[in-house]
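> Each chain is listed here by its residues.
Protein chains: 2
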Amino acid sequence: MLEYKAPLRDIRFIIDEVLDSGAVYETLPGYEEATPDLMAAIIEEGAKFAEGVLSPLNQSGDEEGCSWSEDGVKTPAGFADAYRQFVENGWPSLSADPEFGGQGMPNMLGIVINEMVGTANWSWLMYPGLSHGCIKTLEAHGSDEQKARYLPKLVAGEWTGTMCLTEAQCGSDLGLLRTRAEPQADGSYAITGTKIFISAGEHDMAGNIVHIVLARLPDAPEGTKGISLFVVPKFTVNEDSSLSERNAVHCASIEKKMGIKASATCVMNFDGATGYLIGEPNRGLNLMFTFMNTARIGTAIQGLAHAELSYQGALRYARERLAMRSLTGPKNPEGAADPIIVHPDVRRMLLTQKAIAEGSRAMLYYLAQLGDVVDRGDETRAKQADDLMALLTPIAKAFVTEAGFEAANHGVQIYGGHGFIREWGMEQIVRDARIAMLYEGTTGIQALDLLGRKVLGSGGKLLTAFTDHVGEFIAAHDDEAVVEFLEPLGRYKDEWLRLSLAVGEKAMSNADEAGAAAVDYLMYAGYVTLGYFWARMAVVAQAKLAAGEDDKDFYEAKLHTARFYFQRLLPRADAHRAALESGADNLMAMPEALFAL
Amino acid sequence: MLEYKAPLRDIRFIIDEVLDSGAVYETLPGYEEATPDLMAAIIEEGAKFAEGVLSPLNQSGDEEGCSWSEDGVKTPAGFADAYRQFVENGWPSLSADPEFGGQGMPNMLGIVINEMVGTANWSWLMYPGLSHGCIKTLEAHGSDEQKARYLPKLVAGEWTGTMCLTEAQCGSDLGLLRTRAEPQADGSYAITGTKIFISAGEHDMAGNIVHIVLARLPDAPEGTKGISLFVVPKFTVNEDSSLSERNAVHCASIEKKMGIKASATCVMNFDGATGYLIGEPNRGLNLMFTFMNTARIGTAIQGLAHAELSYQGALRYARERLAMRSLTGPKNPEGAADPIIVHPDVRRMLLTQKAIAEGSRAMLYYLAQLGDVVDRGDETRAKQADDLMALLTPIAKAFVTEAGFEAANHGVQIYGGHGFIREWGMEQIVRDARIAMLYEGTTGIQALDLLGRKVLGSGGKLLTAFTDHVGEFIAAHDDEAVVEFLEPLGRYKDEWLRLSLAVGEKAMSNADEAGAAAVDYLMYAGYVTLGYFWARMAVVAQAKLAAGEDDKDFYEAKLHTARFYFQRLLPRADAHRAALESGADNLMAMPEALFAL
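Protein chains in written order, with the UniProt record's numbering: chain A, 1 to 597; chain B, 1 to 597.
Chain A with its partners taken away, still in its complex shape:
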């Protein structure tokens, strides 16, 4: 069985040494108590829960899956009990607002816990994970009365939440949605329609499920400007938060999926269900956008999680499995063959996984920290952080999930034929990882957001804010010992700016030029951004080694991995550059009818 061990040393390295979180949180009102020591203690507790309770349920959950009956959805053995422990230990409220019973810790800490929980068992994380969007929506846009009614139970984890957006005919294009909301005499709405792909839409873990539903009012304009937001609880709720009646919302079936099989993906029927409007009518999509970034970062973690888990499994195997002799002579002469970690190509795959996992961890923690600055920093700092988040979030979501899928596949490859067999657990990681490039906005949607809305839409300002930041970092570390990282980083950063200008110019005369460049542009940006985080890690590691600090091996490993990244992975950006520079004609000139020939 695949066992997860939380990489506590690396987590601490990024939080404390790379992101200097102690100094950052000290200056953010309300987060002063989030000292390095307190965070480390909480993370260690989270690691125990992830390793001891959730990791053992990962393969069994995949094997058993969820089952549906008219009475509801049954989650796999152990899932509900693990959730009970999760709630008892107060994990759901960790980074929630104290006003509603939260512990008020930084979101970054929540992200770290989610990483460990999700690496141990991504399917399981989907149940508490989906509450996040529901809570954020109510916090930001609910009336005081709605907040009082729903948030304490949601924050405590007694209830869970969902986001009901997708319908059969619309996923990326929510303008096409048809679910209707009819005003009732009592001020509520009767919600009617069918939503699909509703994660945690029904399950056996919590007393109530609070659905946030996108629907149209009778007089709503067509398209995205006519969508409103409603809260629709499974059981309606009395003023004192006690449960009232079973609402007319039911799970009609669950999907058979490629992966994350222990996560119930529900078809939800709303048959005149009682719902309550959140915020202004017809503003639903705008309201949703307010926490889009945090939701995307939450999904980006999946790429990191699967890269990490696959790396752990593959490394263990590569050290134990014997096959062939090293090309440079036996390394295990008394054994029948050498362990496969002696072979350069096995190391290439392992280092690719390691570089993706650790680099993504730095990127995502940084984004999570930015989120905390947005929430609590002064206006100037918050604005800067928000701009950086706006640019980097689509990169993180799409690039990290694509890279995580690659890493998961290397894990299978290192196992050879055994990787294809279910009992080893490696192929499950590939199946689980595949969804991450699809939900919460596909890679293509993220790429349009990055290039169209963020880079071109800001006239380049969001991009230069980041590249200036990178430039300052390079200038601040003008040291021979790290020039091997900073020189190429500077070169790719400058080229990124040049490429953006060139694409922008072409797109002015033909909008398809932006669409044709978008995904390669995003992947280019992803490799350069990951390069920036590897350079930051390398600079810290180099400084620690120069200062003669303990943990020499850890820092040496960072430098080796950084070197691998810059020499072996970063050059992939060049292929994406060539593809995006090739323009739209090679995609658009072929008439549609010719595709079938």
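Don't read these hints as lab results, they were simulated from the structure. Just to be clear, a hint being listed does not mean it is correct.
Any copy will do: because identical chains look the same in the list, a pair fits if it lies in one copy or spans two.
What the hints assert, rightly or not - In silico lysine to aspartate or glutamate, EDC-like type, Cα no more than 20 angstroms apart, as pairs:
(1) Lys48 - Asp375
(2) Lys331 - Asp173
(3) Lys552 - Asp37
(4) Lys256 - Glu63
Bear in mind the structure is a predicted one, so any value in this text is a computation, not a measurement.
With chain A held as given, fit chain B onto it using these hints.
Using the frame of chain A, we list chain B on its own:
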């Protein structure tokens, strides 16, 4: 349900117009009857069988899987009946030797049929497909008596065959195998040991199963030089090919796998089973190598098959699914949104699939035709063809299966969230495709074969034989109309030679340099080789258009796709070049202990 339609126009284009098979087979003794018309007629019949009988069983087979009991293995509903039809229609004997009841058609035709059958249902193809190695082994190395006893029934498809190589502790490194063969008084051997990953090792489709087994004689040297080859039938066989006794070989269990679930992957126990030596003792591995190339090409087809099937499914969806408006204005103004094929990024993914499928088809048919020249051409031609095959086979096996997996993933991506749901059939293609990079030699093993044995091992001769061939092709088509393809092809070809010299030089002082470069070298070679076949197709298409022939749209589509390939995919070779040129240090310098930090 995903329906397969055989791409007959493209198949004909490659066989007749690109590879000029009529002229080739006319000159090969015994293949004179394989005229274009006869081949086309046979292919059309094969297409009907694949489309009508096998395609409908693909998803149901995945869903049901195989089941094991002490009595044997039950294949999914419809599989055995389809096999009965296959045998009745004479398909198994199509390209087999007439001496044993075969129809004596070219191997290329067999490859075309396998492509269609395998695209419709790869799991099903595994049952007749595994017989191939068994038949080839007996044809090449069996005694006359063994041939007479086994081949007629195998060729007719009444029996099937297997290859029993892998054991739990050894896959790529067969030198570690432990199965033992004890000589018996009657000249037979008692075979004892456990083999794993035996495809079609047990099933309910045929009256007997003939296992080709690698095992060690009592006095055998250690390692690969002590392996002998045996034939071990499920039921021993009388001289007249009637069945005698149930042999002591049994299927102990079948594997639960990521994909190809309808193909039984068996653990086979040999408990003193009666076996018969094939060829000389201790020469087993050498004997196996004689048909390694055809087996690898057979597996390479899987990459082509999955790229084609995923393309067909994705194209259908991209034309029907409505989401968003084209960035350049509505293309379907009366509809609620535009079909997603108007979006550049969807076209990018579709064209990637199309370029991989059609380019791989040209590459693999070419290799199959070379195989026929090796078998039947005069000594000079046979030697030339054999050299080309030696070089190109590992490229085809590894590159086409890697590219096919990428293509299968694009198919899922085009479906968005629906791609992750089983009922659409798209995620099955990804799961089925994943095995192809693992079995019959992993990508890493193929890469070592290519760079180590073939390129460096021949002192560059095998490579220059091919690059000269490419050079002659370029020189022969010095035409402004195709210079956009031939100019970059020439450039990459020259660079390939330069890179090979550079790697060879480094490897002389450090063998790990070859291992560190191998997979990127293979991928580089793959992109250039596919470029050669796209250039060949473009040259033919251009000539047909210039000559004003019919089917203008078909040839235009070829030129568009070739352009896409050269502008968008071929530049990926540069990233592989940079990685392979970066040397072994970034993989080997890190001490093993540091991987865990």
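> With reference to the structure, classify each hint as holding or not holding.
Each hint, compared with the structure:
1. Lys48 - Asp375: Close neither inside one copy (29 angstroms) nor across copies (63 angstroms); limit 20 angstroms.
2. Lys331 - Asp173: between (57 angstroms within a copy, 16 angstroms between copies)
3. Lys552 - Asp37: Answer is neither; intra-copy 22 angstroms and inter-copy 72 angstroms both fail.
4. Lys256 - Glu63: Cα proximity of lysine 256 and glutamate 63: in one copy and across copies (13 angstroms, 10 angstroms).
Checked against the numbered hints given earlier, this structure breaks hints 1 and 3; the rest are met.
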